[in-house]
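**Student:** Going line by line, the protein sequences match chains F and V. The numbering of the first sequence is this note's numbering, which starts it at 1 and goes up by one. The numbering of the second sequence is this note's numbering, which starts it at 1 and goes up by one.
These are calculated hints, taken from the structure and not from any lab test. The C-beta atom is built at its ideal place from N, Cα and C for all residues, glycine as well. Just so you know, not all the hints are guaranteed correct.
[What the hints assert, rightly or not] Listed next, with one range per pair, are the computed distances between beta-carbon atoms:
hint: 1; chain 1: F; residue 1: 58; chain 2: V; residue 2: 70; range: 18 to 28 Å
hint: 2; chain 1: V; residue 1: 109; chain 2: F; residue 2: 86; range: 47 to 57 Å
hint: 3; chain 1: F; residue 1: 86; chain 2: V; residue 2: 159; range: 40 to 50 Å
hint: 4; chain 1: F; residue 1: 80; chain 2: V; residue 2: 26; range: 50 to 60 Å
hint: 5; chain 1: F; residue 1: 90; chain 2: V; residue 2: 141; range: 14 to 24 Å
hint: 6; chain 1: F; residue 1: 173; chain 2: V; residue 2: 58; range: 27 to 37 Å
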Amino acid sequence: MADKGGIQLLPETRKRIDVSMPGENRLLHIGYGVIVAVALLFGAAKGMTHSLRGQVETQNASLAKLNQERDKVAEEQLISLGKQSVLINSFLSGHIFWSIALTKIEKALQQQVQFSTLNASLDKHEITFTAQAPSYTIIARQIASLVADDGIKDVQISNAKAVNNGRYEFVVKLIIDDAKYLKP
Amino acid sequence: MNNNRQFIGAGIIAIGLFMFWILPFNEYSKLASLRTAIEQNDNLLEERMAIQSQIEDYKTKYDQQANEIRTFVAIVPTKRETAEIISAVEVIASQNGIQLNEVVFSEGTAQTDKNYNTMRIVMTGRGSYGSIRGILNAIERNIRLIDVQGLRLTSDAQTGQLNFEIQADVYFLK
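All chains should be built: construct the whole structure from the sequences, respecting the hints.
**Tutor:** So this is what it looks like as structure tokens:
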């Protein structure tokens, strides 16, 4: 404070008087707190993302390695084998034997009957043959002996006639049951 | 002055919340998708490893039973293998004393709903009844499956032999 000739003057510098109110910085502190919290959360999230990305890359590398280790030739072989085993089972169960049918016809054949042609068709399920017999009686016996087989569903005689050699020629169509007549 | 501090504080909070929205929130969203990806990859890896180990098992068994499998797959091979059929038919014919005149191969009707193809073989020749029955029997019991579809026999009065035509189907994988 200046003293000039005993007169005291007012101070030259003014002192600022701050009146602090309780809670006036609260929002400021909360703001800082929010910023720090956001920074911490961001750091933590970034760290976790980085770590998870690493895991994904490791997994992708493992998948790629597994893919490289595949023996594609062996896989192809196994796939073919699988398909074949399914097919073969169905083919074998449906496999038919005409040689068995011929044996059955032979057994049913009357002694004096002689075949001149024989046509067999799986599509039509039929066997057609032309044969010669010494008489109509033998033809009748022949037909009866064929009918006796339960693998033959029907016997149709289309023609029977006398031929030059004194014998009788006849044409027969057998409708067969493949499952019974063409299988052991 | 006090009001200024409060404004600044409110501004900082707003900025903080905005930053939360654009920084950690985004990162946490990425975390969720990364976790899903990891889980899916884990499942995929587990599945692939199980398949791989199963394939290894099958492969070992396949190698152990290679001979049996070779015979088995010859029943319905993966390819036409026409040459093998020709040589098999020739062997069968000569074993049965058959004179084989002609062997004709043709493609069967394409069946789109089936996982196999068919090849038609027509064999014509001459022989005695016994030898024809023999060739038929051998064809039907051949390792490669041959299904006889049709048979035609006609007697030749002059030679006393039979002319034959055998129509058969063989199969191979698609």
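**Student:** Hint by hint, note whether the structure agrees.
**Tutor:** A quick look at each hint next to the structure:
1. 58/F / 70/V: 18 to 28 Å: Violated, since residue 58/F and residue 70/V (Cβ atoms, about 42 Å apart) do not stay within the stated range.
2. 109/V / 86/F: 47 to 57 Å: violated, 21 Å
3. 86/F / 159/V: 40 to 50 Å: holds, 47 Å
4. 80/F / 26/V: 50 to 60 Å: holds, 51 Å
5. 90/F / 141/V: 14 to 24 Å: 18 Å Cβ-Cβ, so the 14 to 24 Å window holds.
6. 173/F / 58/V: 27 to 37 Å: 51 Å Cβ-Cβ, so the 27 to 37 Å window is violated.
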